[in-house]
Amino acid sequence: MTINKRELLALAASLAAPSFAMAQAKAGAKPAAPAEDIVMGASMPLSGVFAFAGIAIDLGIKDYLSILNEGGGVKGRKVRYVAEDTAYKVDQSMAAFKRITSQNKVNLYYADSTGFAKSVNPELERNGNILMTGASFGKELSDAQKYGLQFMVGPDYSEMVGILLQYIAKTKPGAKVALVYSDTEFGRDPVEAARASIKQLGLSVATEIVTAPGSVDVSAEVVKLRRADPDYTIFHGYVAAPIPEFINQAKSLGMKSQFMGTFWSMDHTTVMRMGANADGFMGVMPYRYYYDTEGKSPMLERIRKMRPDYQTTGYTQGFLAAMLLTEAAKRTLDAGNELTGKNMKIALSSIRNFDTGGLIGVPLSIKGNSIPIGRVYKADFKAQKMVPASDWINLTK
Amino acid sequence: MRIGSAKQSYAADAALFDSRTQQAWLVLLMLALVAFPFLAGEYWLYLACLVAINIVSTMGLNILTGYTGLVSLGQAAFMGLGAYTVAILQARLGTPMLVNLLAAGVVAMVAGVLVGLPSLRVKGLYLAIATIAAGVITHFIFGHFSQLTGGSSGITVAPAQVFGIDLDSSFRLYWVIVPLTGLMLVGAANLFRTRIGRAFIAIRDRDISAAVLGIPLLPYKLLSFAIASFYAGVAGGLFAYFFRAVTPESFPLLMSIFFLAAVIVGGMGSVLGSVLGAVFMTMVPEVLKLIVSALPAALVGENATLVLSPVRTIVFGLMIVLFLIFEPHGLAEIWRRTRRLFHLWPFRT
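Chains as they are written, first to last, in this note's numbering: chain U, 1 to 397; chain B, 1001 to 1349.
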């Protein structure tokens, strides 16, 4: 076998590619940000299974930062956003973190998954200059002792289910609740806490059903659910499938159970795509929907002006994440302190009765790593809207 | 043209590195590996460690699939067992790193032997499907034996300590991971200079003939599974120390497919192929990312990262497909051909 010129050229190119890339990474590395710039990095899932949320979150962060920078930034310092795609894989998220932090003096960071948030934590502690939030609402991350430089933009998953259970206990005392969750870290996260809350609130567990994430054939599970005859069925650990299949089959069997979901299955688009049977589907949402006009919400109005098309709840999550991260930076600078992770976390924890411009319907105060505030919304299929079914529920009160 | 390399003894013929030139290059490579941590930044050190861990696991799978001809989709599960062994030992007993890594290898090895049992009866795709069971079972164990495994939230791993030094950065871990990878590669290369390695190859080429030649199939097939799983277990252990957190979802089936792809792209039945395959599969997505970010903004617009992310995934997929079509023997074959070119230059074969 021979090697011809073309093959030799291809080989040379393939050998040269890494060194070219290495050179690019060094040469192309943006010069260290001028002292007045604040850098927000992000390991963002712009491709892969979580891209639907990642793209929206990315846009939300960019929009908030452009509003902030137009208004003069944080105490006159602009906030520069550096994001990299991770395909929702922990090793790539970590690579993005390493690359972004080695080329920029990063102060704020957005993480894309629970796995990454856990893996990067020792690195955060070692670095000491970064405050982090992200897309995860995993219960473990709400441990402020263990994850001292992180927080989440809303209630953790256990608190989300807790909000739903409070609503149930108030609406129908002594109700029977079924828990349907995926056999994943995401799905199992709130189960233990949910069992305890159900007991504490005088409710009862009708049944617990575990399915594969995104499973299609759920007929056996629906029969089991029907036999348990719950008043309420809470789904967790899914984005869409198999929730629509569950609801369709349950309705065709004449079940009257009220179906409920948590944040990632509660976006308007996701619920409306379930079809007419999803009418009345309820769930917990920590933020107002894009089209909510109730009350005063100047920030939502601004978003609607900037983006005339519907923006998902992922967008709002990213927007609010950028808002709270930069607010922590602002308060740190206001206090005349250095922008270290610890100082920013202290500043974040000093937030009391903070007005998010209407993104959350009540002023928020931050105590631990999570913000246990949310509201129960209900799908109105006719109006093609998610409408409030409860007032804002604050679990700290 | 390479001349004067006539072999005068069997030992010389079987030598791993048979010429001065090769030895000189090897010394240069080792010097480069020693110098690398002092020259490269945190990002490149992170990637170097990640590549090294993937090389160990790919090498293990290549022993099983490339050399013995037994297709397995359980490599990630064995890595998971190794990772959990390290995490549990580190958290509960605080035993030294090397002991933990060895235990990780042994635990994975025992599981490998059990999973390999059907290999005497089934081959090819059938065996691949049988090995998927390993992933399902280990996922169940990791998720449900909460007292030991921490359940769905997994275990956070404290940094390894060597001589009182915390191995808490890529720079420090590099000095353990890379030499260990080198050692395991030399081990694998030497394996195929022994009766055991040759028996593996004989089984791959034609198992009935191998049996006729006096190679007992079951012990050798199980041995191959054991060695491959040992490599995976050690790689998993290194993974636990590197990422410092293990969860049931850290080792999905997709990860096994990743290693199988690395074996095929690199070159089945080749130590060098394992290295090149793991480097290719780990580095190409990153290199593509760097190329995309280096493109001028005028060409791709402001939202380059967002727009080009799916393109990057497609290009990566296409590269794998094109490799399989145009170079079915993998990257190792291209390397061999290039070497031959230099050996024979200015003549052509």
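Worth flagging that the hints you see were computed from the coordinates, not collected in a lab.
One thing to keep in mind: the hints can contain errors.
Stated by the list, open to error - Below, simulated SDA-like cross-link-like pairs (lysine to any residue); rule was C-alpha separation at most 25 Å, straight line:
id	chain 1	residue 1	chain 2	residue 2
1	U	K378	U	K367
2	U	K176	U	L395
3	U	K176	U	I351
4	U	K146	B	L1167
5	U	K146	U	A389
6	U	K146	B	F1145
7	U	K342	B	L1167
8	U	K305	B	V1307
9	B	K1123	B	L1191
10	U	K105	B	L1167
11	U	K224	B	V1136
12	U	K105	B	Y1174
13	U	K105	B	S1153
14	U	K105	B	L1039
15	U	K146	B	V1034
16	U	K146	U	K378
17	U	K170	U	D183
18	U	K172	U	R227
19	U	K330	U	G72
20	U	K105	B	S1293
21	U	K62	U	K176
22	U	K146	B	V1307
23	U	K146	B	G1164
24	U	K199	B	Q1147
25	U	K378	U	G202
26	U	K105	B	G1041
27	U	K105	B	V1136
28	U	K367	U	V387
29	U	K342	B	S1169
30	U	K224	B	H1144
31	U	K256	U	N337
32	U	K382	U	G295
33	U	K62	B	L1180
34	U	K224	B	Y1174
35	U	K146	B	H1144
36	U	K367	U	Q384
Claimed, not checked - Computed Cβ-Cβ distance ranges for the label pairs, DEER-style:
id	chain 1	residue 1	chain 2	residue 2	range
37	U	D217	B	K1123	50 to 58 Å
38	U	D217	B	P1310	23 to 31 Å
39	B	I1129	U	T396	49 to 57 Å
Since this is a predicted model, take the numbers as computed values, not measurements.
Every residue, glycine too, gets a C-beta built ideally from N, C-alpha and C.
Status of each hint after checking the structure:
1. U:K378 with U:K367: Cα-Cα ~29 Å, so violated.
2. U:K176 with U:L395: holds, 21 Å
3. U:K176 with U:I351: The given pair, whose Cα atoms are some 38 Å apart, is violated under the 25 Å limit.
4. U:K146 with B:L1167: holds, 20 Å
5. U:K146 with U:A389: Measuring from Cα to Cα gives roughly 35 Å; hence the hint is violated.
6. U:K146 with B:F1145: holds, 23 Å
7. U:K342 with B:L1167: holds, 23 Å
8. U:K305 with B:V1307: Roughly 24 Å between the alpha carbons, so the hint for U:K305 and B:V1307 holds.
9. B:K1123 with B:L1191: holds, 23 Å
10. U:K105 with B:L1167: holds, 24 Å
11. U:K224 with B:V1136: OK: U:K224 and B:V1136 at ~24 Å, within 25 Å.
12. U:K105 with B:Y1174: The hint holds at about 24 Å.
13. U:K105 with B:S1153: Given pair U:K105, B:S1153 is violated - Cα atoms ~31 Å apart, limit 25 Å.
14. U:K105 with B:L1039: Cα-Cα ~20 Å, so holds.
15. U:K146 with B:V1034: violated, 35 Å
16. U:K146 with U:K378: Distance ~36 Å between U:K146 and U:K378 Cα, so the pair is violated.
17. U:K170 with U:D183: violated, 30 Å
18. U:K172 with U:R227: holds, 20 Å
19. U:K330 with U:G72: Roughly 12 Å between the alpha carbons, so the hint for U:K330 and U:G72 holds.
20. U:K105 with B:S1293: holds, 19 Å
21. U:K62 with U:K176: Between U:K62 and U:K176 the Cα gap is close to 44 Å, so the pair fails against 25 Å, i.e. violated.
22. U:K146 with B:V1307: Roughly 37 Å separates the two Cα atoms, so the pair is violated.
23. U:K146 with B:G1164: holds, 23 Å
24. U:K199 with B:Q1147: The given pair, whose Cα atoms are some 23 Å apart, holds under the 25 Å limit.
25. U:K378 with U:G202: holds, 24 Å
26. U:K105 with B:G1041: At roughly 14 Å apart (the allowed maximum being 25 Å), B:G1041 and U:K105 satisfy the hint.
27. U:K105 with B:V1136: violated, 42 Å
28. U:K367 with U:V387: Roughly 29 Å between the alpha carbons, so the hint for U:K367 and U:V387 is violated.
29. U:K342 with B:S1169: holds, 21 Å
30. U:K224 with B:H1144: holds, 22 Å
31. U:K256 with U:N337: violated, 57 Å
32. U:K382 with U:G295: holds, 23 Å
33. U:K62 with B:L1180: violated, 44 Å
34. U:K224 with B:Y1174: It is violated: about 52 Å lies between the C-alpha atoms, which goes past 25 Å.
35. U:K146 with B:H1144: holds, 23 Å
36. U:K367 with U:Q384: Judged against 25 Å, a Cα distance of about 36 Å means the pair is violated.
37. U:D217 with B:K1123: 50 to 58 Å: violated, 31 Å
38. U:D217 with B:P1310: 23 to 31 Å: holds, 30 Å
39. B:I1129 with U:T396: 49 to 57 Å: At roughly 51 Å between Cβ atoms, U:T396 and B:I1129 fall inside 49 to 57 Å, so the hint holds.
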